[in-house]
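Engineer: One letter stands for each residue in the lines below.
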Amino acid sequence: MKKIFLALLFFSGILFTCASTYAQCNAELYINKSMRSLANGYQFSKSFRIDGRGGARKKIEYTCVFSKDTNYQINISGKDGGAHGIIGTLYDSRRNKIVTSYYNNKFSPGWIYKCRATGIYYLSFTFKDSKSFCGAAVLGFRR
Amino acid sequence: MKKFYLGISALVYILILSNTALASKMNDNPKVVVLSQPYSVSDDAIMQILQAIPSPLEISMLIKELGTVYNKTDLNNSDFVSKYNTSFKKALNLGVYGTDLGFANIYSKNQDALNYLSSVKKLADGLSIGQFFDYQTIKKLAESANNFDELLMTTTSNFEKINYHLSQQGRDHLSILLLTGGWIEALHITTIVQQRSKHEDLKVKIAEQKIVLDQILKVLQMFKTKPEFPGLISDLNELKKVYNEISIETTYGQPTTQEVNGMLVVMDNNSSTVKVTDAQIDKITSLIRSVRNKIIR
Chain Z
1 MKKIFLALLF FSGILFTCAS TYAQCNAELY INKSMRSLAN GYQFSKSFRI DGRGGARKKI
61 EYTCVFSKDT NYQINISGKD GGAHGIIGTL YDSRRNKIVT SYYNNKFSPG WIYKCRATGI
121 YYLSFTFKDS KSFCGAAVLG FRR
Chain P
1 MKKFYLGISA LVYILILSNT ALASKMNDNP KVVVLSQPYS VSDDAIMQIL QAIPSPLEIS
61 MLIKELGTVY NKTDLNNSDF VSKYNTSFKK ALNLGVYGTD LGFANIYSKN QDALNYLSSV
121 KKLADGLSIG QFFDYQTIKK LAESANNFDE LLMTTTSNFE KINYHLSQQG RDHLSILLLT
181 GGWIEALHIT TIVQQRSKHE DLKVKIAEQK IVLDQILKVL QMFKTKPEFP GLISDLNELK
241 KVYNEISIET TYGQPTTQEV NGMLVVMDNN SSTVKVTDAQ IDKITSLIRS VRNKIIR
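Line order of the protein sequences matches chains Z and P. Number 72 in UniProt numbering belongs to position 72 of the first sequence; there are no gaps in the numbering. Number 6 in UniProt numbering belongs to position 6 of the second sequence; there are no gaps in the numbering.
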């Protein structure tokens with residue numbers, strides 16, 4: 001009986017920790033933060049929730065349609081502070097990498113992409129040295 | 001002793017349950033009734049495609065920047081709101097009015113914007129998602145007309161919240177209708193402005209919607225068994241037939257990245273060319289008018 005009790009206690013502990021970590025990602029906070037950091041002249045267009053569910057999700061990917069002759073700004077922020085722990089990467093329709101926010105061994109808060117080809121793009125978010133696995137990114141545009 | 005262990009085990013179990021419930025409450029507004037299990041794989045997949053549909057604001061801004069004149073009759077009549085009685089019609093026209101609201105805001109037509117805002121509020125309430133639409137703040141911003149950027153940002157972000165919460169409630173079918181309605185209205189406005197102005201940029205923009213239509217149809221197909229969806233899908237498939245004749249060719253090159261004041265700036269070396277004829281634009285104009293008329297009447 002004692003062994004069963006200890007095993008139950010152990011697994012309960014794991015479940016409790018997982019549930020607590022998962023509860024803590026309020027992406028809305030980071031959407032607002034990222035939105036307010038868009039550069040002058042950029043209109044807010046979309047937001048992307050980055051919830052790694054406590055590390056269970058390694059990659060979060062969104063599809064975007066970008067238009068040529070439009071500048072797009074991506075702003076990332078997360079619970080670890082600034083953009084720390086979150087890597088955003090943009091790929092074109094052929095999955096060629098265009099830009100990654102982990103640049104020169106540091107987490108950049110985002111990028112400005114001067115688009116010259118209308119099409120499907122893939123915006124993916126992964127984690128590196130993240131404690132929270134939680135954040136958000138926003139997309140702004142300017143003609 | 002056995003009773004002691006059982007008691008402790010029961011206590012731990014209750015603790016876990018309450019923690020999970022708390023977790024769920026912290027993530028969602030307590031007013032929301034979660035109708036389906038959130039975060040299933042298909043929900044994520046739908047959400048990811050939904051995110052692909054660009055904000056109608058992008059087209060509206062282009063129209064304004066080309067120097068075209070605001071014409072109220074290009075937009076839906078805000079008084080028609082009482083005609084929309086089904087969830088299907090409400091969701092589609094919520095999207096339509098959302099685009100019209102953005103358009104009126106961009107042209108600083110405050111009274112029109114307030115009328116659309118009121119219609120948006122009625123439809124959002126009718127779909128039980130009015131609590132996610134901050135009507136008072138947007139109204140205040142629209143009335144003051146001093147903070148254009150803030151107004152657009154708040155309006156767009158509120159529509160996003162509505163969409164997100166619909167999805168969280170397992171009502172993705174309404175979410176895609178909202179986006180489809182917004183897109184149809186934006187395309188309709190673009191076609192009629194293009195007919196008047198003959199701007200080459202608008203012609204290209206209309207043709208480029210081929211990519212967006214593909215994304216929209218991808219999600220609509222997932223709900224083809226829902227009432228009223230087959231008709232809309234069939235109409236948009238007719239439009240797709242015309243779009244299939246239009247080609248968008250892309251050439252690929254290596255992008256260049258540089259850091260400017262801490263921000264990465266990427267120069268794209270890809271380029272795309274659209275091949276579209278005036279006859280194809282005319283067909284699209286006529287078809288989108290017909291689809292839109294079915295929605296707003």
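These are computed hints drawn from the structure, not numbers from a lab. A hint or two may mislead.
For each label pair, taking beta carbons as the anchor points, the in silico distance ranges come out as [claimed, not checked]:
| id | chain 1 | residue 1 | chain 2 | residue 2 | range |
| --- | --- | --- | --- | --- | --- |
| 1 | P | LEU217 | Z | GLN24 | 36 to 42 Å |
| 2 | Z | GLY82 | P | ARG297 | 31 to 37 Å |
| 3 | P | TYR70 | Z | ASP69 | 38 to 44 Å |
To be clear about the criterion: a stretch of chain P counts as covered by chain Z if any three or more of its residues have a C-beta under 8 Å from a C-beta of chain Z, and this derived list gives those stretches [to be verified]:
| id | stretch |
| --- | --- |
| 4 | 72 to 79 |
| 5 | 124 to 131 |
| 6 | 150 to 160 |
| 7 | 167 to 178 |
| 8 | 181 to 191 |
| 9 | 258 to 265 |
For glycine and all other residues, C-beta sits at the position ideal for the given N, C-alpha and C.
Engineer: So, for every hint listed, does it hold in this structure?
Structural biologist: Verification of the hints:
For the pair LEU217/P and GLN24/Z, the beta carbons lie near 37 Å from each other, so the given range of 36 to 42 Å is met. In this structure the hint that GLY82/Z and ARG297/P lie 31 to 37 Å apart at CB is violated, the actual value being about 50 Å. Between TYR70/P and ASP69/Z the C-beta distance comes to about 23 Å, which lies outside the given range of 38 to 44 Å. Coverage of the stretch 72 to 79 of chain P by chain Z is violated. Counting CB-CB distances below 8 Å, 0 residues qualify, and the rule asks for three or more.
Proximity of the stretch 124 to 131 of chain P to chain Z, defined as three or more residues with a beta carbon under 8 Å from a beta carbon of that chain, is not established by the 0 residues found. Here the stretch 150 to 160 of chain P counts 5 residues with a CB under 8 Å from a CB of chain Z, which clears the bar of 3, and the coverage holds. Under a criterion of three residues with beta carbons nearer than 8 Å to beta carbons of chain Z, the stated coverage of the stretch 167 to 178 of chain P fails, only 0 such residues being counted. Look at the stretch 181 to 191 of chain P against chain Z: 0 of its residues bring a Cβ nearer than 8 Å to a Cβ of that chain, fewer than three, so the hint is violated.
For the stretch 258 to 265 of chain P, the assignment as covered by chain Z holds, since 5 residues bring a beta-carbon within under 8 Å of that chain's beta-carbons and 3 suffice.
Of the numbered hints stated above, those contradicted by the structure are hints 2, 3, 4, 5, 7 and 8, listed in ascending order.
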